[in-house]
Structures are given as structure tokens and as C-alpha cells.
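Chains as they are written, first to last, in this note's numbering: chain C, 1 to 304; chain H, 1 to 352.
It is worth saying that the hints were derived from the structure and are not from the lab. None of the values given here were measured: they were computed from a predicted structure. Check each hint, because a few of them may be wrong.
[To be verified] Restraint-style ranges between C-beta atoms, simulated for each label pair:
1. H:A12 to C:L189: 20 to 28 Å
2. C:P67 to H:D250: 54 to 62 Å
3. C:A164 to H:I316: 36 to 44 Å
4. H:D96 to C:L70: 50 to 58 Å
[Said to hold, decoys possible] Under 10 Å between C-beta atoms, here's a sample of chain H residues computed to sit facing chain C:
5. I130
6. F258
7. Q310
Positions of the beta carbon are idealized from the N, C-alpha and C atoms, including for glycine.
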Amino acid sequence: MTSLAQLFFDAASLGGIYAMAALGIALIFGVMNLVNFAHGEYIAFCVFALIVPSTEAVAVMFLGKAPAFLLIPVLLGLGAGAAVASEYVVFRHMRKATPVAMMISSFALGFVIQNALLAVYGGRPKAISLWPDLNTPVGVLGAQVPLLQLIVVLTTLLVVCALALLLKKTRLGLEMRAAAENFTMARLLGVRANVVITGAFALSGALAAAVALIMATQTGVADVRMGGQIMLVAFIATVIGGLGSLPGAVAAGFLIGGASVLLQAFLPLEVRPFRDAFLYTLVIACLLLRPQGLFAASSAKPRI
Amino acid sequence: MMGKHAQNRILAYSTPLVLIGILLVFVAAITLTGDKALGRMAAETLIRVVLVVGLWIFVGNSGVVSFGHAGYMAIGAYCSAWLTLKPQMKSLFLPDLPSWLAQAEWPVLPAAVASGLLAAFVALVSGATILRLSGIAASIATFAFLAIVNTVYSNWEGVTGATSSLVGLARYVDQWVALGWAAAAIIAANLYANSASGLALRATREDEAAASASGINMYRHRLLSLVVSGFFTGVSGALLGHSIGVLNPDSFYLGITFISLAMLVVGGIGSLSGAVVGVLSLSMMIEALVRFEQGISIGETQLALPSGAQEILIGIVMILVLILRPSGLMAGKELRMPRFAPRSPDYKTSNN
């Protein structure tokens, strides 16, 4: 029988991953109304950056061999670089396009990244071992919790606090919040649009890299398709939280993580394979109750 | 002589003739080459026409992007399999089917219609809930619907065969069968778009608030278009199953969602002609790239793209089209017959 504390840590760490991914999507949506479907592929890209390019089944560590104090900043930078590059190459040319066209082109960009990874690394999932020591359980409150889960929970809190500070205390943060509120008005008042958008993409890419590090350590697998599932959940979390609302994205990420762990624990055994169906039914129910999201940004209300 | 407006109303009905004509020329040209592989490609392209035109009936008229249509497709495909597979095969692979379904051995055409009707019914039920939302929340809800369908069909071992593929479907769909259904879908889409409901729905697409202020019940028209759209999407799923002969829940998931939306957007989401042109142009490009990947010889030299290049190039072309023509190749225009009388010269100046 799993203890309550165990459940709590499972939910908090899964929710933390979802929350970080959702933040990455919400940041970009806030400044340019772009639903970035390529976000999941940034995560996959960062995971694969850890290993030597080859189609062999056995993965040889490449970046992953570096010590942590070097690896973490380099990978975060790489994620940020990938996101900024995609903005520069694709989305910068679509500033006047409709949100639907932008969404489809981000879908297409994700497709390109995924197939490029497939071509370079092959389609088979690969076993990787990054910091295996972190999966050893430690005793907390009578539960056996892998050290990594604790780190995930702490990292999420740290990231959220750092982001909140950045948004509240720096000039870039102020400009981003202004842009999220009303982009046209912000530009008229001297907010530098390209700086804000590039900044949002860089932050979003770095968040994707953080998620990639956690997933690589936790699952020990590098799979080209690993970005898709998490992107879907993160995307849903962003909407449930209220599009454009960063606290909402975090809260909804934790909510979905919690619901998914609880369903896994308490659903009767014969319907447990259908867990995701229940989860998504809850999502639809949640949207019906609050279509504008749990924490709708004030700018999200349509004005007539 | 008829007024311009009346002429316009009549000419709006000529769009299906032009589109079906184009498809007929396409199929006839490919059949004349006698190439088996090309024939399969044509059948696949026309099935996609049924799918994308079905998708357009809802997305194009309502402006709500739906990610859930692959779910209706899966429902149609499996329904047709339940109705047409041989009873002894069903007792072997799908032991949990109810006995009347396990004994059923329908001819293919009624089975395809029934598949469409089942998908339309599911569209009615799911739409009744989902369409209470609007904008991006509705899109996400359709995504959740797709994930629900995929989860159920991937785990319902005794009824859908779960993730192990369901084999043995009669492969009766060739390019001509697909052409028949594509024509039906195009005519239905045009009739719907020109109906009172279609016009009302497009009004809500342009401006929700203004439309509802004019007394348009957005919910009812969206639901109606989703049901019509669900029917043809379900049929396209049944056709796809009977064209490749194998069913797997994952062939109706993100991949087909992406490609069908991409075709719609590249062609132009605003018009029926855009849907058809998008399917034709992207399908032909995919076919050309696949051939190029296998290698072609020009003179003495053998040229071949590295494998995987096809998907990457498709993605890049799609992004380029979206950057250069954000409203798609057709940009919301319909192909139609030319006017009876030449435009009066003052027509242009009065518009400027």
C-alpha cells in the first residue's frame, strides 16, 4: 500500500514537470498569441543533445559526460538557443499572420525537428544513464522517495520564484508583462517588441531544457517521440490555467499531475488502462465549468 | 437579364462542378498511365479529399480549429471493420463484440454509410458538450476528445484489438470508389456552405458578437456543421481502412491530425476550393519527394535524397507557404465558372 506521503511526492514531481513545460508555452502565448506546438520538440532536442549522434541502439554520452556544473548551464543555453533560432527563422516572419496559421507553422516546425532527430539518431528509443544516483530512494516522512523527485519539486519552486522575480523586478520582466497585457499598446509606449519576444523564447527554451534534464534522469530513455505527450499535457494545462496567465499555468500543471497520480492510485484495476480517458474527460469538464481558465488574465476578456 | 447578386448565388453552386472536374481529370490521367503505385496514390489522395473536405465543413465555416477529427475517423474505420469482417475472424480477434455485431456481414457500401452515421452521432454527442466552448478552449476540448478516443481504442482489447493491428479488411477502395465519395463530400460541403445555416455560421466566424446580436444561434449552427462534418470524416476513416486493409488506433492520432490540418491551411482555410487544392498540391509533393527519396536517374547519374528528407522538406515547404501566403494558396477564393456576361466596366471603378 502506497502511503499518503508517497502519493504526494509522486503528484508533486509529476506536476512540477508539467508546470515547467506549461510555463514555457504560456510565456510565448502571453507575448505573441502563439500556441507553440514545437515546444515538445525542444525538449526532445535537448535530451538528444546529451548523446553522440548515431543510429546505434546503445547511446554514448556526449554532453552528458560533462560534470553537472558545466552540463546544466550548457544545456539550458542550448535549449534557449534552439527556441530563439526557431523564432528568428520562422515566427519572426509571421508577425501579421493569424493565430491559426502560426499554430500550424509551429506544428510544422515541430515536425521538421522531430524528423531531423529521427534521421540523425534513428527511431529506436535508446537507454541513457544520466546521474543514476539520483534515483536512489531516500526516506522522507515514512515514504521511500527517489532523491530526484525531491529535486524536481525544489527545482520547480525555484524556477517559479526566479521567474516571478524576473517578471516583477527587471526591466525585461516589466516589458514582458506589459506585452502580455496588450502588445500593441506596449509597443506604442516604447516596449521593444523584438527584445521581449526573443526573451520569451529564450526563457521558454531554457525551461524546455530543464524538463529534458529531469525526464532524461527519471526515465533513462531518449525517444524521439518523448516530447509529444508532455507537450500535449502542458498545452492543456496552459488552457485550463487561463491562456496567458503564468501562475495559472503552474497551478494547472500541478493540478493535472495530481489528478493523474490520484487516478492511477485509486481507479479500479480493470479500468486503469483507460486512465488517460478519465483524465481528459476531467479536462473537458473543467473547461466547461470555466471556459476562460482557472486564472484568466484580465486581457483575455473579449472587448466589444 | 439577371442581377449580379442572383448570378453570384447561382455561380456559387458551380464550385463543386469545377472541383469534381479537376479530380476527374486527375484520376483519369493517373489511370491512363496504368501504374499500380500511382493508382494507390490517387486513391489515398482522394480519401484525403473526403477527410479534408469533411474537416472543412466544420473548421472552414466555423473558424474553430478542430484537433478531434482523427477521432471521428477512427470511429468510422472501426465501425466499418466490425460490420464487414468475416464472423470467424471477429470471433478470433475481437471476442468481446456483442453477438449481433459479431454475426454481421454487411456489404461494403451500407457499412461505409453506417460508419459515417455512427461518427456523425458521436459528433452530435461530443459536440453538444464541446461546442458550448468557443475559441481556443474549444480547440483544446477537441484535442482532449481525440486523446479519449485514442486511449479507449488502444486499450479496449476484445472490441478493437487494441494496439495490435486489426487485419483482413476487404481492400475494395480504389481511386474510382474514392472519387465517388470525394464528389459526394464536395457537393454536400458546397450545399451546406450555401445553406442558411452555412451562411449564419460564417457570420459567426467573422464576428461572434455581431452575429449573436443579429439573432444567430451560434451553438446550433456549429453543432449542425460538426454533425455533417463528422459523417464525411467517419466515411473517410472507413475508406482508409478498406484501402490499406489494416487498422491501428495510432494511425488515427497526431500524425493524421497534423497532415489534414496542414493540407487545409496550406490550401486556404477560407474556401472549399482551398481544401481540395491543399490536398492535391501537398499529396503530389509528398509523392514526388517519396519517389525522389527512392532515387531517380537523370541520364547516367543516379540522384536520391537521404531518407527522412521527405518529411523535413514537407515541413519546410509548409512553413514557407504559411510565411509567404498566410491565408493559403487559394486565399479564401472559390474556383467557379466564369460569369455569363462580361463585367460591366464601371464595376471595378465603383469598388475602388
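How the hints compare with the structure:
| no. | hint | result |
| --- | --- | --- |
| 1 | H:A12 to C:L189: 20 to 28 Å | 46 Å, violated |
| 2 | C:P67 to H:D250: 54 to 62 Å | 40 Å, violated |
| 3 | C:A164 to H:I316: 36 to 44 Å | 38 Å, holds |
| 4 | H:D96 to C:L70: 50 to 58 Å | 55 Å, holds |
| 5 | I130 | 7 Å, holds |
| 6 | F258 | 6 Å, holds |
| 7 | Q310 | 8 Å, holds |
Going through the hint list in order, the structure does not satisfy hints 1 and 2.
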